[in-house]
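A.B. asks: Going down the list, the sequences are from chains A and B.
Following the working numbering, the numbering of the first sequence begins with 122 at its first residue and continues without gaps.
Following the working numbering, the numbering of the second sequence begins with 817 at its first residue and continues without gaps.
For the record, the hints were derived by calculation from the structure and aren't laboratory data.
DSSO-like cross-link-like pairs, simulated, lysine-lysine; straight-line CA separation at most 30 Å:
(1) B:Lys897 x A:Lys402
(2) B:Lys819 x A:Lys480
(3) A:Lys205 x B:Lys924
(4) A:Lys366 x A:Lys205
(5) B:Lys876 x A:Lys262
(6) A:Lys402 x B:Lys936
(7) B:Lys897 x A:Lys539
(8) A:Lys573 x B:Lys876
(9) A:Lys402 x A:Lys376
(10) A:Lys262 x A:Lys402
(11) B:Lys936 x A:Lys405
(12) A:Lys366 x A:Lys503
(13) A:Lys405 x B:Lys897
(14) B:Lys936 x A:Lys573
(15) B:Lys876 x A:Lys299
(16) A:Lys480 x A:Lys205
(17) A:Lys303 x A:Lys402
(18) B:Lys819 x A:Lys539
(19) A:Lys262 x B:Lys897
(20) A:Lys405 x B:Lys967
(21) A:Lys237 x A:Lys303
Here are some chain A residues pointing at chain B (derived, C-beta under 7 Å):
(22) Ile221
(23) Ser522
(24) Val525
(25) Ser526
(26) Ser532
(27) Arg562
(28) Leu566
Note that beta-carbon positions come from the ideal geometry of N, C-alpha and C, so glycine has one too.
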Amino acid sequence: MDVHRDYYAELGLGSSATLPEIKSAYRILARRFHPDVSSTPDAEERFHRIQEAYEVLSDPERRRAYDLWREKEGLTEPSVLVVKHTLSHETLPQLSEDQILYLLLEIYPRADLEIKRLPINLCLVLDRSTSMQGVRLQRVKDATNFIIDFLDQADVFSLVTFSDRAEIVIPAQSNINKAFAKSRVSTVRSSGGTEILQGMLAGLGEIDRWRAQDMVNHLILLTDGQTYGDEEQCIEEAKSASLRKIGISTMGIGKDWNDKLLDEISRQSGGMSMYIDSAAKVTKFFRDCIHSLSAVVARDLNLTLRLANNVRLQEAFRASPYLERIDVGQGPIFLGQLGTDQPCMLLLTLLIGPQNVGKVSIAQVELSADVPSMRRAGDRVKVAIEIQVATDVGVVRPVPSNIVSILSKVSIFKMQEKTMDELEQGEVERASQRLETMATRLLNLGENELAKAALLEAGRIARTGHLSPEGRKKIRYGTRSLATLPKEIGYD
Amino acid sequence: MIKCPSCGKSHPENTLFCDECGAYLLVEGRKRTDPLGIEDVAWMEADFGVITPLESAATKPLTIRVSILDSGRQIELPLDKEISIGRLDAATATFPDVDLIADGGMEKGVSRRHAKITRKGSELFLEDLDSVNGTFLNGKRLTPYLPHALKDEDEIRLGKLVMRIYLR
Numbered sequence: 122m123d124v125h126r127d128y129y130a131e132l133g134l135g136s137s138a139t140l141p142e143i144k145s146a147y148r149i150l151a152r153r154f155h156p157d158v159s160s161t162p163d164a165e166e167r168f169h170r171i172q173e174a175y176e177v178l179s180d181p182e183r184r185r186a187y188d189l190w191r192e193k194e195g196l197t198e199p200s201v202l203v204v205k206h207t208l209s210h211e212t213l214p215q216l217s218e219d220q221i222l223y224l225l226l227e228i229y230p231r232a233d234l235e236i237k238r239l240p241i242n243l244c245l246v247l248d249r250s251t252s253m254q255g256v257r258l259q260r261v262k263d264a265t266n267f268i269i270d271f272l273d274q275a276d277v278f279s280l281v282t283f284s285d286r287a288e289i290v291i292p293a294q295s296n297i298n299k300a301f302a303k304s305r306v307s308t309v310r311s312s313g314g315t316e317i318l319q320g321m322l323a324g325l326g327e328i329d330r331w332r333a334q335d336m337v338n339h340l341i342l343l344t345d346g347q348t349y350g351d352e353e354q355c356i357e358e359a360k361s362a363s364l365r366k367i368g369i370s371t372m373g374i375g376k377d378w379n380d381k382l383l384d385e386i387s388r389q390s391g392g393m394s395m396y397i398d399s400a401a402k403v404t405k406f407f408r409d410c411i412h413s414l415s416a417v418v419a420r421d422l423n424l425t426l427r428l429a430n431n432v433r434l435q436e437a438f439r440a441s442p443y444l445e446r447i448d449v450g451q452g453p454i455f456l457g458q459l460g461t462d463q464p465c466m467l468l469l470t471l472l473i474g475p476q477n478v479g480k481v482s483i484a485q486v487e488l489s490a491d492v493p494s495m496r497r498a499g500d501r502v503k504v505a506i507e508i509q510v511a512t513d514v515g516v517v518r519p520v521p522s523n524i525v526s527i528l529s530k531v532s533i534f535k536m537q538e539k540t541m542d543e544l545e546q547g548e549v550e551r552a553s554q555r556l557e558t559m560a561t562r563l564l565n566l567g568e569n570e571l572a573k574a575a576l577l578e579a580g581r582i583a584r585t586g587h588l589s590p591e592g593r594k595k596i597r598y599g600t601r602s603l604a605t606l607p608k609e610i611g612y613d
Numbered sequence: 817m818i819k820c821p822s823c824g825k826s827h828p829e830n831t832l833f834c835d836e837c838g839a840y841l842l843v844e845g846r847k848r849t850d851p852l853g854i855e856d857v858a859w860m861e862a863d864f865g866v867i868t869p870l871e872s873a874a875t876k877p878l879t880i881r882v883s884i885l886d887s888g889r890q891i892e893l894p895l896d897k898e899i900s901i902g903r904l905d906a907a908t909a910t911f912p913d914v915d916l917i918a919d920g921g922m923e924k925g926v927s928r929r930h931a932k933i934t935r936k937g938s939e940l941f942l943e944d945l946d947s948v949n950g951t952f953l954n955g956k957r958l959t960p961y962l963p964h965a966l967k968d969e970d971e972i973r974l975g976k977l978v979m980r981i982y983l984r
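Work out the full structure, taking the sequences as your base and the hints as a guide.
C.D. replies: Structure follows, in structure tokens:
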């Protein structure tokens, strides 16, 4: 055993890899570098190194000794992920009933990390139905040209348009000829209907041709209309894309598209969904999207929460880059990608049952992610969350202002959710009242635009029993972007 | 159990916001900003000469960077809407864009609604919102509610809290 050699790196793993991960990495590498099959000049040496690494790491006893040695020598590589946690209370009173505790998790990549940007494998899937005619299509073309200019030689680009069927305008290729690509873009004409599934299938096919572990594989779907009858299949495709490590971002222009479907597609694949209210903003959305793709350092970010006895997770929200409710079912919570541009912030509402006095363990948070640029799969970090429980709490520290600020926005977001539910169930009066209350809260936050939209729609509901399609999107996507926080540069 | 004062819904202990009506449930702790007794002030001369050209498509500067000298914190904000500066206080539903609590804003005499930055065309303006301890631009105190033009690397002081701005 040689402690100065990083056996984990030799297997392409992080130091927190599990035994099954080690086994599967070994099997793949051993097959690739077996001297009988491989033509790589140093195959035999590589093979022996892999063999040795596996022998040590697959034996729990020897692995522990190796880990301990490396730690002593200061050779262990820390995780790429950093988790900062903040609790709403320092000390909880001992109660015989349930009480709430808020937990804020901020996840970001280590600051001293020097990673060059990963190549992007991007496919744009654009709606060219009749309704896109005119300014809309022109702006989308401008935005597409912007992306073509942004990409480097190592990036792969493809362009698919769809109406009733899909056409591959630019097949997936690296080192694209920019002038040629732009001339192809200019040939796109609008006509026909909107069949999203056709576009998705063709786009995913293009991405699959170049799909690689160490690339950011992503599809951007832009549409302005409803698709009929293929919704279920679209969602299935998004799920299977997610398994193949392809993210999908969706953008809807105007007011006539299916926000529920687009949200679901992007949620399934860990992408983003966006509402573009005016064609003039398309370039801005494309720019934001490509910038965040080029900042990706970790993929497949998953959170596992192990709660202590008598502690329950009531609800969970993502607070950055945008507000979103997180399904808290069984198993790990899928969080998608992590970039250097914005931290991933989560706000968890925990319901704490009666506890004993003293230091109480509440939960264990475990995060795992793939870091392709360092060839590390299953990079892990664990944090134990504890709190003091006392009969006499003493001087109460105010709740940290970042938690209060996020919660104030979450509470508006929840009112929006309730309004939509009430409308679906036909409780028109309650929905209208709730929107009015929401408008007041929005005014207090200084969100005048959104408040105005909410008031307008409250009136409309009272009169007609429905939201306007435009108002519905304004309110849904508006409340979601409430959490866009000012970017902090450096932490201290 | 606690009850929402505005709609009456019950919530578990320690809940901060009512999920029925969005009201803030922690009513105590409405803190006032203490006057710090800042004396000998030079007032900024009223600047009525600023006539902003009506450039409709003015897009620059795009962002403002606020560097808080005492705490070393730096924040970058987009200039697509008015920026409020002050101290977060949920009890009065004050959620400023730049919250100075973490920088010792309370002790340094920052008001909840202290000042705001607005833009007209390509020019930026700082306006004091009648704060208790005043807003100072490059050492001179601003008359409340009278916007004053800002330029790159100006020093802004709120009460005793000093920050510098950079435009891009």
